[in-house]
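Given the sequences, and given the hints that come with them, work out the whole structure.
Protein sequences, first through last, are from chains A and B.
Residue numbering for the first sequence follows the working numbering, starting at 1 and increasing by one per position.
Residue numbering for the second sequence follows the working numbering, starting at 1 and increasing by one per position.
Calculated directly from the structure, the hints in this document are not laboratory data.
The beta-carbon is built from N, C-alpha and C at its ideal position, and this holds for glycine as well.
Treat the hints with care, as some may be off.
[Said to hold, decoys possible] If you anchor each label on the Cβ, the simulated ranges turn out as follows:
no.: 1; chain 1: A; residue 1: Leu404; chain 2: B; residue 2: Ser130; range: 25 to 33 Å
no.: 2; chain 1: A; residue 1: Leu19; chain 2: B; residue 2: Arg73; range: 33 to 41 Å
no.: 3; chain 1: B; residue 1: Ser133; chain 2: A; residue 2: Phe364; range: 45 to 53 Å
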Amino acid sequence: MENFGKYFRVQIKRAAKSLPAVLFPALLLMGIAVLLGRMIWSISEGSADKQKVQIALVGDLSDPYLKLGMYALENLDSIHFTVEFLPMAEEEAQRELDLGRITAYARIPEGLVESIMWGENKKVTYVTSGNSGEMVSVLIRELMETVSTLLVESQNSVYGMQRFLENHGLEDRMWEATEEINLRYFDLFLNRTELYKMEFTGISNELSLPGYYLCAMMVLFLMLWGIAACPLFVKGDLAFQKLLRARGQSLWAQVMGEYAACLFLMLASFLIIGGILLAGIRYLQVPIPEWEGASQEEQLVFLLQAVPVAALMAAFQMLLFELVSGIVSGVLLQFISTVCLGYVSGCFYPVSFLPEGMRRASAFLPSGISIRYLDGCMLGNGGSPGELLWIILSLLLFLGLTILVRGRRLRAA
Amino acid sequence: MNRKIEINQIRKRFHRKEVLREASFQAEPGMCVGILGGNGSGKSTLLSILAGVQKPDGGEFLWQGTDLFQNPRLLARATGYVPQGTPLLEELTAWDNLLLWYDRAALQRELYEGVLAMLGIPEFIKTRVSKMSGGMKKRLSIGCAVAHSPEILLLDEPSAALDLICKERISTYFRQYKARGGILVLATHDVQELALCDRWYILKDGILVPYEYDGNVRRLVGVL
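Below, the structure written as structure tokens:
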């Protein structure tokens, strides 16, 4: 058979006939993954709403100014969304801290406000469980220090102002000026969120966590797809390939014909399941910040932008199929390579969480390249030309290796 | 034009192992050559070299005055090859598999009154390969291999694990193929196929040695 087109058509027909068999397990896996993801999401979402940092206040809370300050923090300031102050006795606070029900407690010394008014700095003691690595504890400690510094520094400036007024014979304006400067500090403290700007570097490429995991999940799906396709593409005795070779079909034509079928089948599965996934994300209202306000068409464009990744993965799968001669070993190889590559490339944990060496290695792995390219597509950059070039080069490398392995196997058979 | 084949001093080495040291034989049109030998003796390697699947380290395959090893296109046209195993696409029907090798019109014709009809393929033309018996698969494999009407047919243990009826059907086809002037080269262990052959060679230690088979299987086993 000299006609490549004929072989190509037969392979496509074969792939089309096998589509339901390949699609069904993939669809089942994807459905379970989406439902599981949604369940975990709703649990974590619910608990995040309920979860406030609870700080107990022990000691002398009788001062009306302290009560006013706490009232302001708990009701006027944005801190009331994240921190809850609970007055209690020190023994009770210690017990609650030991049980992990509160994050910390602050010991307010007797006559704190009065001491501040007289320029004597009594210290508020912050007691935590000693787990200094805990992020929340660190943040709360910082907050307490900030508040203390703010109080002490502002008080110093109030005294400085009062001395200035006394020295210049302006005692009649003392009350009015003190009230004004206090109000200004109070205002400054309550509006402190406007004093800084927060920038989120994101998980990878400035992507949000859900956005990143959607990309990672797509790459993982494309890798796992190989397991479902094993019975179709793993060659046992190479008898058919021998016959093709005997009839003049070059190794290149053989591999390209099979690659076309593999890609066709992978794309069909990917687009069908991807479409269902997108519909599921919309229906279940899974919050993906990058897609806020995005239309369905824009999301479909994202799916289509993943075609080069599917092409790369199909070439990679072809190489894996070529390396084994039985379905069991094929499934095992697919599974192990998916787990290893998925781990190193950040499909399970974001790649920024991994050691430097792994991060560098992932840049050269098909899964790593794919995730980076999809990240760019999700951010609306359409994937950088450099990454696209990497994908094309890797794809050609995998196809070249497949041809070499096929030749070697036929020679050895 | 000389239509006989001449195989001269074919050599093949895999790493350190010399599988074929000197394989030479001749066959005239209408003749069947049986290649005998123990497992791993190199029979399949010899056939796959003759079919163009593997390249020899040395030697020639002369047909019509041309060394077919130097002319792969002609080699592919002149030979038909049925390897061990199932050279078929399991997910497709017999019809789909045959369409890979035949034009639609030629396929219809062959199924009606040609070689495919002779092999009994119309009986299972719409059956998926994965649902076929071993005999059906083998007949279909032969049907695929002879689509381009080759003058030399190379078969690697064609009757292995087939029932008697199927063997007889395939043997009948081989006799007709010979009668039409085709050359058959069989790698075989099967007594029925040995009886079909006109010349026998034993492949031992990489060397092809002529053997006179007289129906005495015990003597043959002694030589192997």
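Verification of the hints:
Checking the proposed 25 to 33 Å range against Leu404 of chain A and Ser130 of chain B shows it holds: the Cβ atoms sit about 30 Å from each other. Taking the beta carbon of each, Leu19 of chain A and Arg73 of chain B are about 36 Å apart, inside 33 to 41 Å as hinted. Judged by the Cβ atoms, the range 45 to 53 Å given for Ser133 of chain B and Phe364 of chain A holds: they are separated by roughly 49 Å.
Checked against the numbered hints above, the structure breaks none of them.
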